[in-house]
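K.L.:
Sequence:
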Amino acid sequence: MRKLAVWSERCLDLLLVWRGWLFAAGVLVTLGALAWLTAYPLRYNRSMEGFFPAHDPRLHLYYRNKEWFGGEATLLVVYRDADLWSAHGMERQEQLIAVLQAIPGVAHVHGIATCPLPHQPWDTFATALRRASPAEAQRLLDLFQRTPLYQGVFLAADGHTAAVIVQLQNQFPDSEALARCLEAVRARAQAALAESIPAENGPFAAGTLLMIHDVYEHTERDGFILQWTSVTLMSVVVALSFRSLRWVVLPLLVVQAALYWTLALWSVLRGEMTMVGSAVSSLVAVTGVATVVTFGLRYQELAGRVPPCHAVKAMLQDMGPPVFWILVTNAAGFAALLVCELKPVTDFAWVMVMASLFLGVAACSFLPGGVLPRARPEPPVSSPSERPAGRTEQLLSTVLRLALHYPKTALALLTLPLALVSLGMTRLTPQTDFTGNFRRDTETFRAYDFIETHFGGTGQLDLVVRVPDLLALDESALRQHVARWRQLQRQLGDLTPVQLDSGQPASGVTKVLGLADFFDFFQTIPGFRDNYRACLRVLCGDSEGARRELGLLGRLVPAPLWHKLADRSVAQAFWNRPAGRMRFTLQVRERLSSADKHRLIAEATSTARRVLGDSADPQATGIYVMLAHLIATLLQDQQRTFALATLLMLLLGWAAFRSILLSLAAMVPNALPILSVLGTMGWIGLPVNIATAMLASVALGMTINSSILYVYRFRQEHDAGSPLHQALHNTQRTAGLAIVISNLALVIGFSVLTLSRFIPLIHFGLFTGLALAGGMLGNLVLLPILIAWLHRGLDSSDERKTDRYPPPRS
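When we follow numbering that gives the first Met the number 0, the leftmost residue of the sequence shown carries the number 0, and every step to the right adds one.
Heads up, some of the hints might be wrong.
Unchecked claim - SDA-like cross-link-like pairs, simulated, lysine to any residue; straight-line CA separation at most 25 Å: (1) 510 with 459; (2) 510 with 444; (3) 65 with 100; (4) 65 with 584; (5) 510 with 605; (6) 342 with 57; (7) 407 with 717; (8) 342 with 42; (9) 342 with 267; (10) 510 with 151; (11) 342 with 66.
To be verified - Derived CB-CB ranges, DEER-like: (12) 264 with 170: 28 to 34 Å; (13) 66 with 594: 29 to 35 Å; (14) 62 with 97: 30 to 36 Å; (15) 227 with 31: 18 to 24 Å; (16) 66 with 439: 34 to 40 Å; (17) 419 with 320: 34 to 40 Å; (18) 59 with 659: 41 to 47 Å; (19) 478 with 106: 31 to 37 Å; (20) 59 with 391: 55 to 61 Å; (21) 465 with 679: 46 to 52 Å; (22) 679 with 439: 19 to 25 Å; (23) 268 with 478: 56 to 62 Å.
Derived by calculation from the structure, the hints in this document are not laboratory data. We put the beta carbon where it would ideally sit given N, CA and C, even for glycine.
Whole structure, please, built from the sequences with the hints as guidance.
P.N.:
Dropping the structure here:
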């Protein structure tokens with residue numbers, strides 16, 4: 000211990016001697032990091048794959064599904080047109096399709112206007128409606144709604160709500176190109192129908208790719224605003240507390256340096272940021288400001304009593320160890336998130352671990368030179384004067400006096416209500432509807448609400464099965480396979496109904512599309528009826544092979560149809576011959592409970608196995624499946640991360656305090672508020688989302704900071720010879736004031752997250768702020784009581800000679 004003390008003393012002397020060089024080096028490294036980020040900026044990974052770790056087997060199946068069938072790069076553009084089924088309505092849709100087709104990155108656009116007519120597929124519904132009378136238009140509508148290939152795909156049951164399907168390219172150069180394409184689809188669709196369709200009737204664009212894009216768009220755009228808003232508000236708090244421009248600038252310098260260093264290193268290691276990373280700048284800001292405030296309050300306390308150089312050295316000597324453990328526990332709280340399965344969360348955890356440690360390095364670089372730019376060492380003052388206690392300190396002393404005088408009452412008043420509220424944790428449920436992560440006034444929520452209400456499901460579930468080489472089958476065998484596919488599609492459409500948010504039962508699957516629908520469509524064309532092998536050849540784009548299969552019947556097929564079918568392959572979207580796989584695409588409701596989603600997925604798989612046999616090896620895949628799994632893991636992730644964070648905090652507290660009892664005592668005032676916040680979420684029915692799943696471990700890593708500061712300061716006072724209760728009162732005045740100001744800055748900083756448009760960030764900021772406020776109260780009331788109980792009898796001889804509740808020093 001003596002060698003460690005000597006080594007620490009030398010390090011402090013070096014910090015003071017080299018403070019100018021350290022300050023300059025910190026500035027240069029920060030400028031270098033900023034230059035690196037300018038040359039190699041971090042890019043947001045906006046892909047769905049960015050949610051999941053590379054080893055996830057669901058991700059591997061998702062990749063194979065994209066390789067086999069082209070993935071799920073589709074969007075729905077849905078609108079309601081009272082005049083839809085008319086020449087004018089079709090003209091509007093044709094204009095919309097032309098506008099969307101011209102967007103770079105769009106491969107194909109399909110709608111009612113482009114759908115071929117059954118019986119005469121060389122013609123489309125748009126051209127037929129142009130020459131149709133009102134009676135014929137109604138007949139065409141009935142025909143469209145009776146056609147399985149179109150029913151529920153392009154037109155809702157009301158006959159007025161239409162969907163245009165936008166098929167995107169399978170590959171984009173980068174995520175920014177995909178983002179530009181998605182934004183263009185939404186913007187140009189709205190512009191195309193702005194004058195003819197009321198705004199409440201659309202058009203609304205939706206699709207999983209667009210929803211994920213909006214998540215990143217909101218969080219990325221919010222990140223910059225939240226950072227500077229939180230820094231500005233916290234700077235106001237610091238300015239009012241310190242009344243010094245220097246102590247307003249220093250936190251900003253430390254925060255920006257640590258942030259640029261972290262992002263530059265992450266750019267070197269990964270080069271990209273994921274969704275949760277948008278909160279990094281705000282969290283680094285609130286943590287950094289609180290760290291500098293802890294040093295600053297100690298310096299203010301010493302500044303009038305000893306020369307500046309000795310005040311800075313004493314500040315670093317007294318606050319260095321607790322701040323070290325504060326930053327380590329912060330990093331441990333974020334490190335607990337590494338057990339999560341979500342890649343955005345683990346990336347966020349790594350970034351915040353680095354940032355927490357860099358905050359310590361930045362503080363060492365800038366604080367000595369920033370606080371003491373020109374002063375020289377001076378001899379210590381032998382008789383320092385005491386600063387009069389302010390109103391806040393007097394209030395803190397009064398609170399402590401009452402707590403120590405009525406310890407059992409204080410414990411009962413604080414712990415019993417919190418314990419009862421914590422029982423609400425048993426009622427926690429995960430966020431089942433991913434669209435619930437958006438504010439109701441956002442375009443994303445309005446789009447999904449409109450489509451799910453008026454059109455049907457917006458989710459896509461792919462069911463992949465094994466099939467033989469269909470082209471090698473004879474007519475009878477192929478016909479049997481198609482019959483089984485048709486039977487499977489009917490049974491998938493009749494899966495057990497689910498319950499909507501309104502409480503009404505409804506079908507979870509609103510449409511099933513498969514290769515059987517195309518076979519059925521071709522059965523309406525003269526010449527193709529009852530010739531499945533010819534139909535298959537056409538669907539594979541082999542019109543010459545179809546001619547050979549039909550023989551003389553091929554003459555019944557009109558020449559315009561052969562010309563239209565040339566070089567077109569529909570089957571590749573549903574059947575991959577080399578892989579021996581076929582997929583059925585289920586249009587499913589997005590806004591279902593987690594249990595309903597998993598039941599629907601399980602029933603779809605079991606139905607396929609029952610109809611097609613075990614040899615088909617049916618597997619459910621797609622973004623819908625992956626998001627459903629993501630939702631199901633939220634509560635498990637929260638439990639695992641909180642348990643790991645609790646263990647880490649306990650071990651680090653033991654290492655910091657060298658007392659397992661003190662470490663346990665420090666856990667009580669910090670864990671109870673967090674558990675009560677989670678319980679409150681359960682009682683009020685607020686679901687756990689991506690961000691609130693991180694709340695417990697992050698909040699615990701931050702609230703325990705106050706305990707570390709309080710215990711360290713208490714030990715300094717106690718080791719200096721103060722009796723137990725006197726040491727507690729002195730600690731309450733000094734460390735208590737630092738705890739109040741730093742936690743006030745933290746709460747204000749986190750409250751800024753409520754300005755976000757992404758609801759998980761709103762909940763994260765709100766509930767973390769509440770947990771920090773509760774932890775502050777617990778550390779100022781419960782922790783002193785527990786410390787007093789743990790030290791009972793240690794100073795009994797001294798306490799008999801002193802007033803049990805001495806007045807604070809003034």
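K.L.:
Please go over all the hints and tell whether each is borne out by the structure.
P.N.:
A quick look at each hint next to the structure:
1. 510 with 459: holds, 10 Å
2. 510 with 444: holds, 22 Å
3. 65 with 100: With a Cα-Cα distance of about 22 Å, the restraint between residue 65 and residue 100 holds, given a limit of 25 Å.
4. 65 with 584: holds, 13 Å
5. 510 with 605: holds, 18 Å
6. 342 with 57: Cα-Cα ~14 Å, so holds.
7. 407 with 717: Given pair residue 407, residue 717 holds - Cα atoms ~24 Å apart, limit 25 Å.
8. 342 with 42: Since the Cα atoms of residue 342 and residue 42 sit roughly 15 Å apart, the hinted pair holds (cutoff 25 Å).
9. 342 with 267: holds, 18 Å
10. 510 with 151: holds, 6 Å
11. 342 with 66: holds, 22 Å
12. 264 with 170: 28 to 34 Å: Given a distance of about 30 Å, which is inside 28 to 34 Å, the answer is holds.
13. 66 with 594: 29 to 35 Å: Between residue 66 and residue 594, where Cβ atoms are some 32 Å apart, the hint holds.
14. 62 with 97: 30 to 36 Å: holds, 34 Å
15. 227 with 31: 18 to 24 Å: holds, 23 Å
16. 66 with 439: 34 to 40 Å: holds, 38 Å
17. 419 with 320: 34 to 40 Å: This hint holds: roughly 37 Å between Cβ atoms.
18. 59 with 659: 41 to 47 Å: The hinted range 41 to 47 Å holds for residue 59 and residue 659, with Cβ atoms some 45 Å apart.
19. 478 with 106: 31 to 37 Å: Given a distance of about 32 Å, which is inside 31 to 37 Å, the answer is holds.
20. 59 with 391: 55 to 61 Å: Check passed, 58 Å falls within 55 to 61 Å.
21. 465 with 679: 46 to 52 Å: Check passed, 49 Å falls within 46 to 52 Å.
22. 679 with 439: 19 to 25 Å: The hinted range 19 to 25 Å holds for residue 679 and residue 439, with Cβ atoms some 22 Å apart.
23. 268 with 478: 56 to 62 Å: holds, 57 Å
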